[in-house]
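Each of the two chains sits in its own frame; use the hints to bring them together as a complex.
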Amino acid sequence: MIHARGLSRTFTTKTGPVEAVRRLDIDVAAGEIVGFLGPNGAGKTTTLRMLTTLLRPTGGTATVAGHDLTAEPAKVRRRIGYVPQGGTMGPGALLGEELELQARLYGMGATAARDRVAEVLESLDLADLAARPAASLSGGQRRRADIAMGLLHAPALLFLDEPTTGLDPRARAALWDDVRRLRAERGLTVFLSTHYLDEADALCDRLLIVDGGRVAGAGTPAALKAEIGPAATLDDVFLSLTGRPLRAEAAA
Amino acid sequence: MTTLVLARHYVRQTFRVKAALVFGALQPVLFLVLFGPLFARSGVGSWEVLVPGLLVQLGLLSAGMSGFGIVFDQKFGVLERLRVTPASRMSLLLGRVAKDVLVLLVQAVALVGLGYAFGLRAPLPGVLLGLALLLLLAAALAALSYAVALSLNQEMFAPLMSTVLVPLILLSGALLPMSLAPGWLDVLSRLTPFRYVVDGLRALFAGHYTAPDALLGAGVAALFAVAGIAAATRRFHHENA
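Protein chains in written order, with full-length UniProt numbering: chain A, 1 to 252; chain B, 1 to 241.
Errors might be hidden in some of the hints.
[What the hints assert, rightly or not] These stretches of chain B come out as covered by chain A in the derived footprint (C-beta under 8 Å, 3 or more residues):
| hint | stretch |
| --- | --- |
| 1 | 2-10 |
| 2 | 79-86 |
[As the list claims (entries may be wrong)] Part of the chain B face toward chain A, derived, beta carbon under 10 Å:
| hint | residue |
| --- | --- |
| 3 | VAL17 |
| 4 | GLN27 |
| 5 | PHE72 |
| 6 | LYS75 |
| 7 | PHE76 |
| 8 | SER91 |
| 9 | ASP213 |
| 10 | ARG234 |
[Stated by the list, open to error] Take a look, some chain B residues computed to stay more than 12 Å from chain A by CB distance:
| hint | residue |
| --- | --- |
| 11 | PHE23 |
| 12 | ARG41 |
| 13 | GLY43 |
| 14 | LEU135 |
| 15 | PRO182 |
| 16 | ARG190 |
| 17 | ALA222 |
Since the hints were made in silico from the structure, they are not lab data.
Predicted, not measured: the structure shown is a model, and the values here were computed from it.
We put the CB at the ideal spot given by N, CA and C, even for glycine.
Excised from the complex, chain B in its bound form (with noise of 0.2 Å):
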């Protein structure tokens, strides 16, 4: 109950400043729009092989970067005045990373109508599974973003995010697909969650329900979801009487 009184409170803030959604989502719709094209007529992928890599990248630099909130929160006593009230430590994360997924959902379902506009021809289960692919990968990064912000002097968080963001979108394959890396990439690329959830987005727009990739996609997205938020909370918790 706290955790959606929480989360609405965020989400009306946030669509308060419908800009800062739209520029949320900018990077990857440029992709779509000035790469994309490109990228189709060029014969390494289709459609429907870049916008899951896009909406991984949405992912990563929306819900990667939720964290910057609290590190505002933090300087303006926000956070001090919530931690001191009843709610649980848990119900503070999951409000604000309940908000990180819906913004992230709405961003996703622009850049896939879009996606629509320039040729992808997804089936609509393929996408429907998809989105609750992402919006896992985006409860955890979500979730990992505060406990980051929330363990760095906050003066670090921006330029660390971004800093740590841009290689693991190009690890993820999220651009160009990661058969075409060489042996060592593709290794170093296994090691990050977000190459699974890639491939296994790229299956499911395929309609390839149950084909390996969209499985293990699913289950890795599933696990770094628990993980995250277990994490989080557990810094959430860090220093209370």
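Isolated chain A (complex conformation) (with noise of 0.2 Å):
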């Protein structure tokens, strides 16, 4: 679902050039969820932007849901849903109108878009909210809605940009339950950036691990933690593989 070799981002800034990601290789069979870790400033957001088709990659090559990345980018949005990290929707935007416009904008018709959010906003137990402006939802209702806004289209492949940072953890694991779900249901495939590792652990079948813009780490949970030691944590891969502990980064 995703192919990426020497996958780089170079910024050019006043002090010079800055290489956010350096050579990134990345592989993400359909229907797998993939965790995305890294510290602070590692590459993650930048990376999810250019397979994303948000930000132009300075190198490498890659293939997003059977789409060239860089000579398809049309076909490349078509296929999959983005929920970046800082929501979807203004504060006064109404929920069913937004989910409505996203729908239209994927090529449906009206009736067929009405009918549609009216689907997603029941398989994600927001139907009652249509008529509600965002700034009336609650933090897990909210996420629930920007993920419902990816989905709308039926992608084959979700990426999510720390869906759960600031929720509750009874909201967080309502919407593991969604990611999981979609997947049994829809066989979606699914790449995530968090900084939780109890998330990465509880929900990605496979972590890829970046620090400095490289990748450090790449395996199942249980074959890193493995690689450290028998009672190793995931606290300890990150600590081993970057030389810091990801909650101090959560915390920062």
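Here it is in structure tokens:
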């Protein structure tokens, strides 16, 4: 579903070039949930923005959802959903209206869009909230609404940028359940960045740990822990690979 | 089609907050009510001179500040969400611009109506042609406003635009005809497109449809619209994969 080779992004700044992402290789198979972890400034969001066509890579090649990232960005966009870290709606926007607009932008007619919105709202337990402005939704409801936005066109691949940041433990667990159910029901592939190691451990089939724009480690949570020692936790893995505990990063 | 879908969505959003529409047009309306009678009695010009100027002032203040909306959309992730859909960058821009043009049309019609109540006696064809010219100007201004908003630090947009727009209004001759200006100010005024649009509107409101000022104003407004939309589309495309 994602095949990237040598994916790089260098930003030009006043103080000279900054390599945010350095020759990253990424492979994600259909139906996988892959966690993308790294300290602040590791290049996670830059990588996600490149893979979702928002930022042009300065090096390397990538195929996303069966299409070349730089040669066919419009085709990539049709097959992916993206839930950015900062949300998807302004505070005064009405949930149902925003979702209908989103569906129309994927080419659905007015009736089809309304039906699809109702279906997605129902599946994410948001059916009663269509007429509500985003500002009146709880953090968990708003995040589920963001995910609804990314799922309207039934994408093959969903990118989630720190989907549970700021949510209480109950809302986080509910969101994990939604992601697992979507994978089980629709075979959805999920590529998510997270600051939470418990989330990565509970939700992800495989992890990709980046540091300084490079891959520092990759594998299943169990395999990564086994490499460190029999009683190792993902905290230990992260510390060993990056030299820093992720908890400190998450708190920063 | 996508442009229409977006425009309808933005129009629905905008007209939901009717107070914003009123406040957007408040400054030119206040000029009409509180400055217009003085202007008309002073011998400097008539209502047919003032109202076209106030329409351009309205265009600069209303469409010129349109970019403020996209600052919020950037902040709340709306723009990012829309940019990952298959909608073309041009339609993402034009949907917004179409909304801004419609909003300005509603405000401009209200301003002209109020002008008639105070003593404006412009011929209807002239008013309609003048509004068409104003809408071209609004399209250019709104597009450029979005381009500026996307190019700047979010906090910079409002102070920068409000600082830039006031001298542009004064230089356009919207409030007082530039024929009264000293030579250097007249030259400076001719370096902005707004001067030609104000003169064009005044010619049209006077019923001089084929006067050089009317034709030049129409030409400048059309060129400005094409250039503004082209520049803004380029900005919307910037950084895409």
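How the hints compare with the structure:
For the stretch 2-10 of chain B, the assignment as covered by chain A holds, since 4 residues bring a beta-carbon within under 8 Å of that chain's beta-carbons and 3 suffice. With 7 residues having a Cβ less than 8 Å from any Cβ of chain A, the stretch 79-86 of chain B passes the three-residue criterion, so the hint holds. A cut of 10 Å between beta carbons decides the hint on B/VAL17: the least distance to chain A is about 8 Å, and the hint holds. With 10 Å as the threshold, the beta carbon of B/GLN27 stays out of range of chain A, its nearest partner Cβ sitting at about 24 Å, so the hint is violated.
Annotation: interface hint on B/PHE72 holds; nearest CB of chain A at approximately 6 Å, less than 10 Å. A hinted interface residue such as B/LYS75 counts as satisfied when its beta carbon comes closer than 10 Å to some beta carbon of chain A; here the least separation is about 8 Å, so the hint holds. Look at B/PHE76: its Cβ gets to within about 5 Å of chain A, closer than 10 Å, so that hint holds up. Look at B/SER91: its Cβ gets to within about 9 Å of chain A, closer than 10 Å, so that hint holds up.
Because the smallest distance between the Cβ of B/ASP213 and any Cβ of chain A comes to about 42 Å, over 10 Å, the interface hint for this residue is violated. Taken as an interface hint, B/ARG234 does not check out: its beta carbon lies about 15 Å from the nearest beta carbon of chain A, beyond 10 Å. In this structure B/PHE23 is separated from chain A by more than 12 Å, as the shortest Cβ-Cβ distance comes to about 16 Å. Listed as a non-interface residue, B/ARG41 keeps its Cβ farther than 12 Å from every Cβ of chain A; the least gap is roughly 44 Å.
The beta carbon of B/GLY43 is kept farther than 12 Å from every beta carbon of chain A, the shortest such distance being approximately 48 Å. With a least CB separation of 24 Å from chain A, B/LEU135 remains clear of the 12 Å interface cut-off, as annotated. The Cβ of B/PRO182 sits about 42 Å from the closest Cβ of chain A, beyond the 12 Å cut-off, so the non-interface label holds. In this structure B/ARG190 is separated from chain A by more than 12 Å, as the shortest Cβ-Cβ distance comes to about 37 Å.
With a least beta-carbon separation of about 30 Å from chain A, B/ALA222 lies farther than 12 Å from that chain, consistent with its non-interface assignment.
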